[in-house]
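Numbering (this note's numbering), first residue to last: 1 to 589.
A couple of the hints might just be wrong.
To be verified - Quick list of the computed label-pair ranges, beta carbon to beta carbon:
1. G299 / R159: 34 to 42 Å
2. S7 / K160: 45 to 53 Å
3. L422 / E143: 28 to 36 Å
4. P532 / G334: 45 to 53 Å
Stated by the list, open to error - With a straight-line cut-off of 20 Å between C-alpha atoms, the simulated SDA-like cross-links for lysine to any residue are:
5. K177 / E516
6. K333 / D344
7. K550 / L40
8. K333 / T413
9. K78 / R135
10. K15 / R135
11. K177 / L210
12. K78 / F118
13. K78 / I187
14. K550 / V266
15. K267 / I187
16. K375 / T413
17. K15 / P117
18. K267 / T413
19. K267 / H164
20. K15 / W30
21. K78 / L132
22. K177 / L510
23. K587 / I187
24. K550 / P194
Quick caveat, the hints were computed from the structure, so don't treat them as lab data. This structure is a prediction, so every number in the text was calculated from the model and none was measured. From the three backbone atoms N, C-alpha and C, an ideal C-beta is built for every residue, glycine too.
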Amino acid sequence: MLDARYSIRSHVGGKLRASDTGEAVTLAGWVHRRRDHGGLIFVDLRDREGLVQCVFDPDASAAAFALAERVRPEWVVKLAGTVRMRPEGTVNANLPTGSIEVLVTSAEVLNTSETPPFEVDAAIETDEALRLKYRYVDIRRPEVLAALTLRDRVTQRFRKELEHRGFLEVETPILTKSTPEGARDFIVPSRLSPGRFYALPQSPQLFKQLLMVGGLERYYQIARCFRDEDLRADRQPEFTQVDIEMSFVRDEDVLSMMEDVMHQVVKEAGIDLHTPLPRLTYMEVMDRFGSDRPDTRFGIELSDLSEAFAASGFQVFAGALASGGVVKGINAKGAGAWSRGRIDALNQLAIDSGAKGLAWIAFTPDGEVRSPIAKFLSEPEMAALRSALDVAPGDLVLMVADAPAVANEVLGTVRLRVADELELPREGHSALWVTDFPMFNYDAEEGRWSANHHPFTRPWDDHLTMIESDPGAVLSYSYDLVMDGLEIGGGTLRIHDAALQRRVLAAMGLDPADTEVQFGFLLEALSLGAPPHGGIALGLDRLVMLLAGKHSIRDVIAFPKTSSGVDPLTGAPDVVAGRQLRDVHLKHD
RNA sequence: GGGGGUGUAGCUCAGUCGGUCAGAGCGCUGGCCUGUCAAGCCAGAGGUCGCGGGUUCGAGCCCCGUCACUCCCGCCA
Numbered sequence: 001m002l003d004a005r006y007s008i009r010s011h012v013g014g015k016l017r018a019s020d021t022g023e024a025v026t027l028a029g030w031v032h033r034r035r036d037h038g039g040l041i042f043v044d045l046r047d048r049e050g051l052v053q054c055v056f057d058p059d060a061s062a063a064a065f066a067l068a069e070r071v072r073p074e075w076v077v078k079l080a081g082t083v084r085m086r087p088e089g090t091v092n093a094n095l096p097t098g099s100i101e102v103l104v105t106s107a108e109v110l111n112t113s114e115t116p117p118f119e120v121d122a123a124i125e126t127d128e129a130l131r132l133k134y135r136y137v138d139i140r141r142p143e144v145l146a147a148l149t150l151r152d153r154v155t156q157r158f159r160k161e162l163e164h165r166g167f168l169e170v171e172t173p174i175l176t177k178s179t180p181e182g183a184r185d186f187i188v189p190s191r192l193s194p195g196r197f198y199a200l201p202q203s204p205q206l207f208k209q210l211l212m213v214g215g216l217e218r219y220y221q222i223a224r225c226f227r228d229e230d231l232r233a234d235r236q237p238e239f240t241q242v243d244i245e246m247s248f249v250r251d252e253d254v255l256s257m258m259e260d261v262m263h264q265v266v267k268e269a270g271i272d273l274h275t276p277l278p279r280l281t282y283m284e285v286m287d288r289f290g291s292d293r294p295d296t297r298f299g300i301e302l303s304d305l306s307e308a309f310a311a312s313g314f315q316v317f318a319g320a321l322a323s324g325g326v327v328k329g330i331n332a333k334g335a336g337a338w339s340r341g342r343i344d345a346l347n348q349l350a351i352d353s354g355a356k357g358l359a360w361i362a363f364t365p366d367g368e369v370r371s372p373i374a375k376f377l378s379e380p381e382m383a384a385l386r387s388a389l390d391v392a393p394g395d396l397v398l399m400v401a402d403a404p405a406v407a408n409e410v411l412g413t414v415r416l417r418v419a420d421e422l423e424l425p426r427e428g429h430s431a432l433w434v435t436d437f438p439m440f441n442y443d444a445e446e447g448r449w450s451a452n453h454h455p456f457t458r459p460w461d462d463h464l465t466m467i468e469s470d471p472g473a474v475l476s477y478s479y480d481l482v483m484d485g486l487e488i489g490g491g492t493l494r495i496h497d498a499a500l501q502r503r504v505l506a507a508m509g510l511d512p513a514d515t516e517v518q519f520g521f522l523l524e525a526l527s528l529g530a531p532p533h534g535g536i537a538l539g540l541d542r543l544v545m546l547l548a549g550k551h552s553i554r555d556v557i558a559f560p561k562t563s564s565g566v567d568p569l570t571g572a573p574d575v576v577a578g579r580q581l582r583d584v585h586l587k588h589d
């Protein structure tokens with residue numbers, strides 16, 4: 001909290017209270033608003049801690065009164081006066097300082113201000129591009145200040161809790177080496193090495209592993225990360241991770257450490273997190289929610305209806321089941337009266353998500369059945385369906401028949417849309433672990449297997465034999481922290497054996513010679529006494545966004561970029577002088 | 001790369017069928033005002049209707065293109 005030490009102030013205006021009555025104070029801050037009554041002027045003085053009403057009365061000081069007639073919003077002023085209780089009936093219950101005011105006896109203008117491009121007022125919603133261009137004005141708004149303050153508290157709490165658990169904070173390089181896997185790198189040309197480039201880190205992943213090899217045992221860093229990919233509300237080209245790594249741990253050690261730390265951290269936002277958190281496997285969340293980051297604050301879980309339709313004469317279902325697929329469905333309770341157009345929109349969403357279509361049966365509130373497919377279903381099948389999905393009048397059943405992965409993913413998408421449309425309450429917070437992700441995904445575009453988390457993830461010990469023979473079946477020691485349907489963090493145990501690391505990279509189709517060039521330093525480190533280790537990285541921006549109740553991480557970043565990666569304040573990125581390009585060997589004439 | 005939304009005064013927005021249609025609130029400037037707190041009252045200034053082109057007797061409105069912002073898909077180990 002702000003105090004008056006080391007400043008031209010004697011007190012912080014926003015912190016004055018009734019107990020300060022009678023104090024002679026010197027304050028400094030911004031003119032928030034001025035109410036000129038002709039013979040008496042009120043100025044709300046604003047500082048980081050809030051507003052305080054300052055009264056200019058010619059009887060107290062003619063000079064100060066004359067100055068108050070000139071001041072304008074956002075002027076920077078220094079005021080001296082006396083704190084006094086407000087007269088009967090003029091208390092402002094909306095302000096923490098509302099029971100007192102400062103009678104000003106002398107005043108000084110420290111700086112004037114042009115009329116600001118928008119008002120510094122929490123009540124007014126302003127175009128975000130304009131806010132970002134004048135972010136330094138925007139930051140004066142209490143809402144922005146509060147978000148940055150919460151971010152500070154969360155960050156400091158992480159530091160404190162990790163410090164108490166024996167972690168050392170270590171900085172890792174920003175100028176580093178491009179790696180072939182993962183996101184597109186930001187690259188930086190080198191002046192001293194013509195034609196060569198640094199890359200900005202996508203995360204400190206390899207360095208934190210090297211710190212474990214270095215015997216640091218417990219490391220953390222509030223680490224800036226860079227990824228040159230398209231932006232989203234929850235994605236910026238540079239963002240911050242709370243990066244953590246531990247030696248001599250099992251996966252449950254990382255999870256329980258993280259739960260203990262998170263329990264303390266979210267207290268900063270007034271949240272009581274009940275630990276241990278639920279732990280669900282990847283298989284289970286995909287099966288039940290159709291998402292690897294499920295929002296469990298509402299129901300509408302997926303049900304497997306394959307058994308109910310095992311002998312179905314309905315070709316769509318029978319065909320899917322015959323080719324190894326499933327029939328799965330959700331019950332959108334209360335959507336039974338939805339219009340055909342509304343349901344068609346869901347069907348289109350399902351098709352866009354990869355399904356051939358969405359089978360639906362509406363059970364209207366007055367007991368009718370409305371459906372293009374009900375006529376193909378037998379009475380026992382309908383009965384089994386009603387029972388499996390707990391159908392009541394007024395419900396809408398939505399089904400997908402397809403390969404399990406497709407059916408799950410499509411219904412997971414439809415589930416979220418339905419919840420939005422039904423305006424199901426998503427209050428409070430739900431946190432959980434998703435564990436045991438598959439080691440590899442098949443990348444159809446590139447025709448090869450790629451790492452699900454990253455290539456340094458340790459496969460299950462008893463799945464090692466399948467790395468070459470059946471990569472898709474290999475599970476890994478991996479875990480994501482999911483809050484309210486957002487991926488807040490993720491981590492793994494790492495491979496600490498050079499030979500195993502080579503096998504995994506080879507399984508991903510990396511040429512052995514390239515492997516040595518790209519990852520030779522890691523493989524060498526693993527062969528020089530690497531301890532078993534693992535860790536996790538939390539997305540600090542996303543976590544604070546969630547705790548602050550914001551919908552974009554831009555709201556919790558001091559100087560964010562627009563969705564095209566531009567900083568409207570500085571104008572970055574921008575052209576540079578030809579001289580600079582020649583220096584780094586990007587231009588030769 | 002693709003799809004949706006938005007763009008009119010400093011800010012937030014309205015603008016009907018293409019024809020008093022350049023408008024409101026806030027802010028700003030000036031005046032009045034000694035208990036307001038989103039002060040009040042009176043007056044005033046303020047416009048490349050994102051930009052370019054087209055259709056039309058006539059375009060803020062219709063058409064084409066383009067730019068910016070934003071949301072989503074792809075992408076983000």
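Results of checking the hints against the structure:
1. G299 / R159: 34 to 42 Å: The hint (34 to 42 Å, Cβ to Cβ) holds, given that G299 and R159 are roughly 38 Å apart.
2. S7 / K160: 45 to 53 Å: Taking Cβ atoms as reference, S7 and K160 lie about 26 Å apart, which means the hint is violated.
3. L422 / E143: 28 to 36 Å: holds (29 Å)
4. P532 / G334: 45 to 53 Å: Hint holds: Cβ distance 51 Å, inside 45 to 53 Å.
5. K177 / E516: holds (14 Å)
6. K333 / D344: holds (17 Å)
7. K550 / L40: Violated, because 41 Å separates the two Cα atoms, which is more than 20 Å.
8. K333 / T413: holds (16 Å)
9. K78 / R135: Violated, because 24 Å separates the two Cα atoms, which is more than 20 Å.
10. K15 / R135: The hint is violated at about 25 Å.
11. K177 / L210: Holds. K177 to L210 sits at ~14 Å (cutoff 20 Å).
12. K78 / F118: violated (24 Å)
13. K78 / I187: Violated - the C-alpha atoms of I187 and K78 are around 47 Å apart, more than 20 Å.
14. K550 / V266: holds (15 Å)
15. K267 / I187: Given pair K267, I187 is violated - Cα atoms ~39 Å apart, limit 20 Å.
16. K375 / T413: violated (27 Å)
17. K15 / P117: violated (28 Å)
18. K267 / T413: Given that 20 Å is the threshold and the Cα spacing comes to 32 Å, the pair is violated.
19. K267 / H164: holds (17 Å)
20. K15 / W30: Roughly 15 Å between the alpha carbons, so the hint for K15 and W30 holds.
21. K78 / L132: violated (28 Å)
22. K177 / L510: OK: K177 and L510 at ~18 Å, within 20 Å.
23. K587 / I187: With Cα atoms ~16 Å apart, K587 and I187 stay inside 20 Å; holds.
24. K550 / P194: Roughly 45 Å between the alpha carbons, so the hint for K550 and P194 is violated.
This entry does not satisfy hints 2, 7, 9, 10, 12, 13, 15, 16, 17, 18, 21 and 24, going by the numbered hints stated previously.
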